[in-house]
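Make a model of the complete structure from these sequences and hints.
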Amino acid sequence: MIVRDLSVIGATGSVGTQSLDVIRAHPDAFRVVGLAAGSRLELLAQQAVEFGVPAIGLARPPAGTAAEAVAAVRAELARAAARASRPDPVEVIELGPEAPARIAARPASIVLNAVTGAVGLDVTLAALEAGTDTALANKESLIIGGEVVLAAARASGAALIPVDSEHSAIAQALRAGRADEVARLVLTASGGPFRGRTRAQLAAVTPEEALAHPTWDMGRVITTNSASLVNKGLEVIEAHLLFGVAYDRIEVVVHPQSLVHSMVEFTDGSTIAQVSPPDMRLPIAYALGAGQRLASGARPVDWTTAATWTFEPVDREAFPALDLAIAAGRRGGTHPAVYNAANEVLVDAFHDRLIPFTGIADGIAAALAAHAEHDAAETGASSALTRADVLAADAWARGFVRDRIAGEARG
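Numbering (this note's numbering), first residue to last: 1 to 411.
Simulated from the structure, these hints should not be mistaken for laboratory data. Just so you know, not all the hints are guaranteed correct.
Simulated restraints, written as ranges between beta carbons of each label pair [as the list claims (entries may be wrong)]:
#1 Glu147 - Ala372: 13 to 23 Å
#2 Ser39 - Arg175: 35 to 45 Å
#3 Arg60 - Arg154: 30 to 40 Å
From the three backbone atoms N, C-alpha and C, an ideal C-beta is built for every residue, glycine too.
Have a look at this one:
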(Lines of atoms letter the chains of each structure in order from A and count residues from 1; the text may use other names and numbers.)
(Lines give C-alpha, C1' and ligand atoms only; values in the text may rest on other atoms or scores of the structure.)
Protein backbone atom coordinates (compact mmCIF):
# COMPACT_ATOMS: atom_id res chain seq x y z
CA MET A 1 0.00 0.00 0.00
CA ILE A 2 1.21 3.51 -0.83
CA VAL A 3 1.87 5.68 2.22
CA ARG A 4 -0.36 8.77 2.16
CA ASP A 5 0.67 12.03 3.78
CA LEU A 6 -2.31 13.28 5.75
CA SER A 7 -3.27 16.50 7.53
CA VAL A 8 -6.17 16.53 10.00
CA ILE A 9 -7.82 19.88 10.59
CA GLY A 10 -10.05 19.83 13.66
CA ALA A 11 -7.87 17.09 15.10
CA THR A 12 -9.07 17.36 18.70
CA GLY A 13 -12.80 17.12 17.95
CA SER A 14 -14.96 14.02 17.67
CA VAL A 15 -14.27 13.23 13.99
CA GLY A 16 -10.65 14.32 14.28
CA THR A 17 -9.89 11.98 17.17
CA GLN A 18 -11.72 9.10 15.50
CA SER A 19 -9.74 9.68 12.31
CA LEU A 20 -6.55 9.36 14.32
CA ASP A 21 -7.92 6.08 15.73
CA VAL A 22 -8.15 4.80 12.15
CA ILE A 23 -4.65 6.07 11.33
CA ARG A 24 -3.28 4.52 14.52
CA ALA A 25 -4.55 1.14 13.29
CA HIS A 26 -2.74 1.57 9.93
CA PRO A 27 0.72 2.97 10.73
CA ASP A 28 2.14 1.70 7.45
CA ALA A 29 -0.54 3.39 5.34
CA PHE A 30 -0.46 6.99 6.62
CA ARG A 31 2.02 9.60 7.69
CA VAL A 32 0.46 12.52 9.58
CA VAL A 33 2.16 15.69 8.36
CA GLY A 34 -0.15 18.33 9.80
CA LEU A 35 -2.60 18.81 12.66
CA ALA A 36 -4.72 21.82 13.55
CA ALA A 37 -7.22 22.50 16.29
CA GLY A 38 -9.23 25.28 17.88
CA SER A 39 -7.95 25.68 21.42
CA ARG A 40 -7.28 22.26 22.98
CA LEU A 41 -3.53 22.67 23.12
CA GLU A 42 -2.76 19.83 25.53
CA LEU A 43 -4.48 17.20 23.38
CA LEU A 44 -3.04 18.67 20.18
CA ALA A 45 0.46 18.44 21.64
CA GLN A 46 -0.11 14.82 22.66
CA GLN A 47 -1.29 13.97 19.15
CA ALA A 48 1.64 15.74 17.52
CA VAL A 49 4.17 13.86 19.64
CA GLU A 50 2.48 10.47 19.20
CA PHE A 51 2.27 10.73 15.42
CA GLY A 52 5.55 12.60 14.86
CA VAL A 53 3.84 15.55 13.21
CA PRO A 54 6.10 18.30 11.80
CA ALA A 55 3.51 21.10 11.54
CA ILE A 56 0.66 22.11 13.86
CA GLY A 57 -1.82 24.98 14.00
CA LEU A 58 -3.95 26.46 16.76
CA ALA A 59 -6.77 28.85 15.87
CA ARG A 60 -7.16 30.23 19.42
CA PRO A 61 -3.65 30.30 20.91
CA PRO A 62 -2.69 31.01 24.53
CA ALA A 63 -2.96 34.64 25.64
CA GLY A 64 -0.05 37.00 25.31
CA THR A 65 2.20 38.30 22.59
CA ALA A 66 3.00 36.18 19.56
CA ALA A 67 6.32 35.18 21.11
CA GLU A 68 4.67 34.30 24.41
CA ALA A 69 2.04 32.19 22.65
CA VAL A 70 4.70 30.26 20.72
CA ALA A 71 6.62 29.73 23.96
CA ALA A 72 3.49 28.36 25.63
CA VAL A 73 2.93 25.93 22.76
CA ARG A 74 6.58 24.84 22.88
CA ALA A 75 6.33 24.25 26.62
CA GLU A 76 3.23 22.07 26.16
CA LEU A 77 4.97 20.11 23.41
CA ALA A 78 7.94 19.55 25.71
CA ARG A 79 5.66 18.23 28.45
CA ALA A 80 3.90 15.89 26.01
CA ALA A 81 7.24 14.64 24.69
CA ALA A 82 8.51 14.00 28.21
CA ARG A 83 5.38 12.04 29.17
CA ALA A 84 5.65 9.91 26.03
CA SER A 85 9.45 9.57 26.21
CA ARG A 86 9.66 10.76 22.63
CA PRO A 87 11.24 13.76 20.93
CA ASP A 88 9.26 16.88 20.05
CA PRO A 89 8.78 16.50 16.28
CA VAL A 90 7.16 19.88 15.56
CA GLU A 91 9.10 22.20 13.26
CA VAL A 92 6.29 24.60 12.25
CA ILE A 93 3.76 26.24 14.57
CA GLU A 94 0.93 28.30 13.07
CA LEU A 95 -1.16 30.41 15.43
CA GLY A 96 -4.32 32.49 15.00
CA PRO A 97 -7.61 32.24 13.08
CA GLU A 98 -5.84 31.50 9.79
CA ALA A 99 -3.69 28.71 11.25
CA PRO A 100 -5.97 25.80 10.25
CA ALA A 101 -6.08 26.98 6.63
CA ARG A 102 -2.29 27.42 6.59
CA ILE A 103 -1.82 23.85 7.75
CA ALA A 104 -4.36 22.67 5.16
CA ALA A 105 -2.38 24.43 2.42
CA ARG A 106 0.83 22.57 3.23
CA PRO A 107 1.90 19.64 1.00
CA ALA A 108 -0.08 16.47 1.68
CA SER A 109 -1.82 13.65 -0.15
CA ILE A 110 -5.11 14.29 1.60
CA VAL A 111 -6.57 16.81 4.04
CA LEU A 112 -9.35 15.76 6.39
CA ASN A 113 -11.44 18.82 7.23
CA ALA A 114 -13.16 18.01 10.53
CA VAL A 115 -13.76 21.61 11.61
CA THR A 116 -17.31 22.42 12.72
CA GLY A 117 -19.23 25.25 11.09
CA ALA A 118 -18.70 27.94 8.48
CA VAL A 119 -15.13 28.59 9.63
CA GLY A 120 -14.21 25.43 7.71
CA LEU A 121 -14.67 27.16 4.35
CA ASP A 122 -11.16 28.60 4.23
CA VAL A 123 -9.71 25.21 5.20
CA THR A 124 -11.48 23.50 2.31
CA LEU A 125 -10.49 26.19 -0.17
CA ALA A 126 -6.87 26.19 1.02
CA ALA A 127 -6.58 22.43 0.56
CA LEU A 128 -8.29 22.37 -2.84
CA GLU A 129 -6.31 25.34 -4.15
CA ALA A 130 -3.14 23.49 -3.13
CA GLY A 131 -4.33 20.59 -5.29
CA THR A 132 -4.89 18.30 -2.29
CA ASP A 133 -7.71 15.75 -2.14
CA THR A 134 -10.07 16.88 0.61
CA ALA A 135 -12.10 14.59 2.83
CA LEU A 136 -15.07 16.63 4.01
CA ALA A 137 -16.43 16.07 7.49
CA ASN A 138 -17.10 19.82 7.46
CA LYS A 139 -20.22 19.81 5.29
CA GLU A 140 -20.81 23.51 5.91
CA SER A 141 -17.88 24.59 3.75
CA LEU A 142 -19.33 22.92 0.65
CA ILE A 143 -22.88 23.96 1.45
CA ILE A 144 -22.15 27.66 1.93
CA GLY A 145 -19.35 27.78 -0.63
CA GLY A 146 -21.31 25.95 -3.30
CA GLU A 147 -19.94 26.75 -6.72
CA VAL A 148 -16.88 28.47 -5.21
CA VAL A 149 -15.77 25.17 -3.69
CA LEU A 150 -16.71 23.10 -6.74
CA ALA A 151 -14.82 25.50 -9.01
CA ALA A 152 -11.72 25.24 -6.81
CA ALA A 153 -11.86 21.46 -7.03
CA ARG A 154 -12.28 21.52 -10.80
CA ALA A 155 -9.45 24.00 -11.28
CA SER A 156 -6.95 22.00 -9.24
CA GLY A 157 -8.15 18.50 -10.10
CA ALA A 158 -8.41 17.69 -6.40
CA ALA A 159 -11.16 15.35 -5.23
CA LEU A 160 -13.90 16.15 -2.73
CA ILE A 161 -14.44 13.02 -0.65
CA PRO A 162 -17.50 12.70 1.61
CA VAL A 163 -17.01 11.72 5.25
CA ASP A 164 -20.56 12.14 6.57
CA SER A 165 -22.00 8.66 7.03
CA GLU A 166 -24.96 9.43 4.74
CA HIS A 167 -22.85 10.68 1.86
CA SER A 168 -20.27 7.96 2.29
CA ALA A 169 -23.15 5.49 2.05
CA ILE A 170 -24.37 7.11 -1.16
CA ALA A 171 -20.87 7.09 -2.64
CA GLN A 172 -20.57 3.39 -1.89
CA ALA A 173 -24.02 2.55 -3.25
CA LEU A 174 -23.41 4.55 -6.43
CA ARG A 175 -20.70 2.07 -7.37
CA ALA A 176 -23.54 -0.35 -8.20
CA GLY A 177 -24.58 1.51 -11.35
CA ARG A 178 -23.95 4.30 -13.85
CA ALA A 179 -24.94 7.92 -13.22
CA ASP A 180 -27.67 7.73 -15.84
CA GLU A 181 -29.18 4.75 -14.03
CA VAL A 182 -29.78 6.66 -10.76
CA ALA A 183 -33.44 7.41 -10.05
CA ARG A 184 -33.25 8.81 -6.51
CA LEU A 185 -30.96 9.32 -3.55
CA VAL A 186 -32.57 8.45 -0.21
CA LEU A 187 -30.99 10.00 2.88
CA THR A 188 -31.89 8.44 6.20
CA ALA A 189 -32.39 10.41 9.42
CA SER A 190 -32.48 8.97 12.92
CA GLY A 191 -35.21 11.41 13.87
CA GLY A 192 -33.13 12.58 16.81
CA PRO A 193 -34.36 12.74 20.41
CA PHE A 194 -37.64 14.46 19.51
CA ARG A 195 -39.03 12.06 16.93
CA GLY A 196 -42.81 11.84 17.28
CA ARG A 197 -43.25 15.15 19.12
CA THR A 198 -45.50 17.87 17.80
CA ARG A 199 -44.37 21.41 17.14
CA ALA A 200 -46.26 22.55 20.23
CA GLN A 201 -44.41 20.00 22.35
CA LEU A 202 -41.08 21.05 20.86
CA ALA A 203 -41.55 24.61 22.10
CA ALA A 204 -40.88 23.43 25.65
CA VAL A 205 -37.86 21.13 25.18
CA THR A 206 -34.58 21.96 26.91
CA PRO A 207 -30.99 22.13 25.68
CA GLU A 208 -30.18 19.08 27.79
CA GLU A 209 -32.91 17.10 26.03
CA ALA A 210 -31.67 18.25 22.63
CA LEU A 211 -28.21 16.89 23.38
CA ALA A 212 -29.51 13.44 24.36
CA HIS A 213 -29.18 11.92 20.89
CA PRO A 214 -30.36 8.29 20.82
CA THR A 215 -27.73 7.05 18.38
CA TRP A 216 -24.72 9.27 17.72
CA ASP A 217 -22.17 10.89 20.05
CA MET A 218 -21.45 14.28 18.47
CA GLY A 219 -20.61 17.85 19.45
CA ARG A 220 -23.14 20.41 20.65
CA VAL A 221 -23.87 22.07 17.32
CA ILE A 222 -24.21 18.90 15.25
CA THR A 223 -26.27 17.15 17.93
CA THR A 224 -28.66 20.10 18.16
CA ASN A 225 -28.82 20.24 14.36
CA SER A 226 -29.79 16.60 14.33
CA ALA A 227 -32.57 17.26 16.84
CA SER A 228 -33.98 20.09 14.69
CA LEU A 229 -33.33 18.28 11.36
CA VAL A 230 -31.19 21.23 10.28
CA ASN A 231 -28.41 18.70 9.85
CA LYS A 232 -30.51 16.65 7.44
CA GLY A 233 -31.38 19.78 5.48
CA LEU A 234 -27.70 20.61 5.16
CA GLU A 235 -27.05 17.05 4.04
CA VAL A 236 -29.63 17.33 1.25
CA ILE A 237 -27.80 20.40 -0.08
CA GLU A 238 -24.48 18.58 0.26
CA ALA A 239 -25.81 15.53 -1.62
CA HIS A 240 -27.01 17.76 -4.45
CA LEU A 241 -23.60 19.42 -4.74
CA LEU A 242 -21.49 16.28 -4.32
CA PHE A 243 -23.39 14.00 -6.65
CA GLY A 244 -25.10 16.39 -9.08
CA VAL A 245 -28.58 15.00 -8.43
CA ALA A 246 -31.55 17.38 -8.62
CA TYR A 247 -33.36 18.28 -5.42
CA ASP A 248 -36.60 16.67 -6.59
CA ARG A 249 -34.73 13.35 -6.79
CA ILE A 250 -33.39 13.46 -3.22
CA GLU A 251 -35.62 12.04 -0.49
CA VAL A 252 -35.34 11.99 3.30
CA VAL A 253 -36.79 9.16 5.38
CA VAL A 254 -36.69 8.63 9.14
CA HIS A 255 -34.92 5.41 10.17
CA PRO A 256 -34.56 5.37 13.98
CA GLN A 257 -32.25 2.34 14.12
CA SER A 258 -29.54 4.22 12.17
CA LEU A 259 -28.27 1.05 10.50
CA VAL A 260 -29.16 1.95 6.91
CA HIS A 261 -27.09 5.08 6.39
CA SER A 262 -28.54 5.98 3.00
CA MET A 263 -29.73 4.38 -0.21
CA VAL A 264 -29.62 4.79 -3.97
CA GLU A 265 -32.64 3.81 -6.02
CA PHE A 266 -31.89 2.89 -9.64
CA THR A 267 -34.11 3.18 -12.70
CA ASP A 268 -34.79 -0.56 -12.82
CA GLY A 269 -36.43 -0.43 -9.39
CA SER A 270 -33.45 -1.76 -7.45
CA THR A 271 -32.40 0.01 -4.25
CA ILE A 272 -28.85 -0.37 -2.96
CA ALA A 273 -28.29 0.45 0.71
CA GLN A 274 -25.15 0.74 2.82
CA VAL A 275 -25.69 -0.87 6.22
CA SER A 276 -23.55 -0.83 9.36
CA PRO A 277 -23.91 -0.01 13.06
CA PRO A 278 -23.43 3.71 13.72
CA ASP A 279 -19.69 4.32 13.97
CA MET A 280 -17.96 7.24 12.26
CA ARG A 281 -14.71 5.28 11.96
CA LEU A 282 -16.17 3.34 9.02
CA PRO A 283 -16.89 6.32 6.72
CA ILE A 284 -13.63 7.94 7.85
CA ALA A 285 -11.67 4.84 6.87
CA TYR A 286 -13.51 4.64 3.55
CA ALA A 287 -12.68 8.28 2.80
CA LEU A 288 -9.03 7.94 3.71
CA GLY A 289 -8.57 4.62 1.94
CA ALA A 290 -8.56 6.12 -1.57
CA GLY A 291 -10.79 3.39 -2.98
CA GLN A 292 -9.49 0.64 -0.73
CA ARG A 293 -11.48 -0.67 2.21
CA LEU A 294 -9.42 -0.38 5.39
CA ALA A 295 -10.20 -2.15 8.64
CA SER A 296 -11.87 0.63 10.60
CA GLY A 297 -12.42 -0.95 13.98
CA ALA A 298 -16.19 -0.66 13.47
CA ARG A 299 -18.15 -3.83 14.12
CA PRO A 300 -20.42 -5.23 11.39
CA VAL A 301 -24.13 -5.93 11.73
CA ASP A 302 -24.87 -9.08 13.69
CA TRP A 303 -27.13 -10.90 11.25
CA THR A 304 -27.72 -13.77 13.70
CA THR A 305 -29.72 -11.52 16.03
CA ALA A 306 -33.39 -10.82 15.32
CA ALA A 307 -34.00 -7.15 14.58
CA THR A 308 -36.65 -4.87 13.14
CA TRP A 309 -35.87 -1.88 10.94
CA THR A 310 -38.47 0.81 10.46
CA PHE A 311 -38.81 3.69 8.03
CA GLU A 312 -41.25 6.58 8.27
CA PRO A 313 -41.81 9.97 6.64
CA VAL A 314 -40.49 13.17 8.15
CA ASP A 315 -43.01 15.28 10.09
CA ARG A 316 -42.37 18.42 8.11
CA GLU A 317 -44.78 20.52 10.18
CA ALA A 318 -42.95 19.75 13.41
CA PHE A 319 -39.52 20.06 11.77
CA PRO A 320 -39.74 22.86 9.17
CA ALA A 321 -35.95 23.35 9.06
CA LEU A 322 -35.65 20.53 6.50
CA ASP A 323 -37.82 22.23 3.89
CA LEU A 324 -36.22 25.60 4.64
CA ALA A 325 -32.84 24.08 3.76
CA ILE A 326 -34.14 22.57 0.54
CA ALA A 327 -35.67 25.92 -0.45
CA ALA A 328 -32.36 27.68 0.29
CA GLY A 329 -30.51 25.09 -1.76
CA ARG A 330 -32.86 25.50 -4.71
CA ARG A 331 -32.38 29.28 -4.66
CA GLY A 332 -28.62 28.79 -4.47
CA GLY A 333 -26.18 31.66 -4.40
CA THR A 334 -25.75 32.93 -0.85
CA HIS A 335 -29.01 31.53 0.52
CA PRO A 336 -27.37 28.36 1.91
CA ALA A 337 -24.78 30.56 3.64
CA VAL A 338 -27.56 32.59 5.25
CA TYR A 339 -29.33 29.40 6.35
CA ASN A 340 -26.18 27.99 7.93
CA ALA A 341 -25.01 31.21 9.60
CA ALA A 342 -28.43 31.96 11.04
CA ASN A 343 -28.65 28.44 12.44
CA GLU A 344 -25.23 28.63 14.12
CA VAL A 345 -26.22 31.80 15.99
CA LEU A 346 -29.65 30.42 16.85
CA VAL A 347 -28.22 27.18 18.25
CA ASP A 348 -26.04 29.20 20.61
CA ALA A 349 -29.04 31.31 21.60
CA PHE A 350 -31.09 28.19 22.32
CA HIS A 351 -28.37 26.76 24.54
CA ASP A 352 -28.09 30.12 26.29
CA ARG A 353 -31.87 29.83 26.87
CA LEU A 354 -32.60 33.03 24.94
CA ILE A 355 -35.00 31.36 22.51
CA PRO A 356 -37.12 28.19 22.50
CA PHE A 357 -36.16 25.19 20.41
CA THR A 358 -38.78 26.12 17.81
CA GLY A 359 -37.13 29.54 17.60
CA ILE A 360 -34.27 27.97 15.66
CA ALA A 361 -36.40 27.20 12.60
CA ASP A 362 -38.39 30.42 13.04
CA GLY A 363 -35.19 32.48 13.06
CA ILE A 364 -33.83 30.71 10.00
CA ALA A 365 -37.08 31.37 8.12
CA ALA A 366 -36.97 35.06 9.06
CA ALA A 367 -33.35 35.41 7.97
CA LEU A 368 -33.99 33.75 4.60
CA ALA A 369 -37.05 35.91 3.95
CA ALA A 370 -35.21 39.10 4.89
CA HIS A 371 -32.20 38.11 2.80
CA ALA A 372 -34.34 37.69 -0.29
CA GLU A 373 -35.66 41.22 0.19
CA HIS A 374 -32.43 42.72 1.50
CA ASP A 375 -30.49 42.68 -1.74
CA ALA A 376 -31.45 40.67 -4.80
CA ALA A 377 -27.85 40.79 -6.03
CA GLU A 378 -26.74 38.76 -3.02
CA THR A 379 -28.62 35.71 -4.26
CA GLY A 380 -25.76 35.17 -6.70
CA ALA A 381 -28.23 34.55 -9.51
CA SER A 382 -26.89 37.30 -11.77
CA SER A 383 -23.16 36.72 -11.39
CA ALA A 384 -20.66 34.08 -10.34
CA LEU A 385 -20.59 33.47 -6.61
CA THR A 386 -17.37 34.53 -4.87
CA ARG A 387 -15.82 33.83 -1.48
CA ALA A 388 -16.43 37.47 -0.60
CA ASP A 389 -20.14 37.05 -1.39
CA VAL A 390 -20.35 34.03 0.89
CA LEU A 391 -18.54 35.72 3.77
CA ALA A 392 -20.65 38.89 3.41
CA ALA A 393 -23.87 36.86 3.48
CA ASP A 394 -22.61 34.89 6.46
CA ALA A 395 -21.83 38.08 8.39
CA TRP A 396 -25.15 39.70 7.40
CA ALA A 397 -27.15 36.67 8.58
CA ARG A 398 -25.37 36.54 11.92
CA GLY A 399 -26.02 40.23 12.50
CA PHE A 400 -29.65 39.94 11.44
CA VAL A 401 -30.33 37.03 13.78
CA ARG A 402 -28.54 38.62 16.74
CA ASP A 403 -30.56 41.80 16.26
CA ARG A 404 -33.76 39.76 16.03
CA ILE A 405 -32.99 37.87 19.24
CA ALA A 406 -32.12 41.09 21.04
CA GLY A 407 -35.35 42.68 19.80
CA GLU A 408 -37.41 39.76 21.02
CA ALA A 409 -35.70 39.95 24.43
CA ARG A 410 -36.55 43.64 24.72
CA GLY A 411 -40.11 43.13 23.50
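Verification of the hints:
no. : hint                        : result
1   : Glu147 - Ala372: 13 to 23 Å : holds (19 Å)
2   : Ser39 - Arg175: 35 to 45 Å  : holds (40 Å)
3   : Arg60 - Arg154: 30 to 40 Å  : holds (33 Å)
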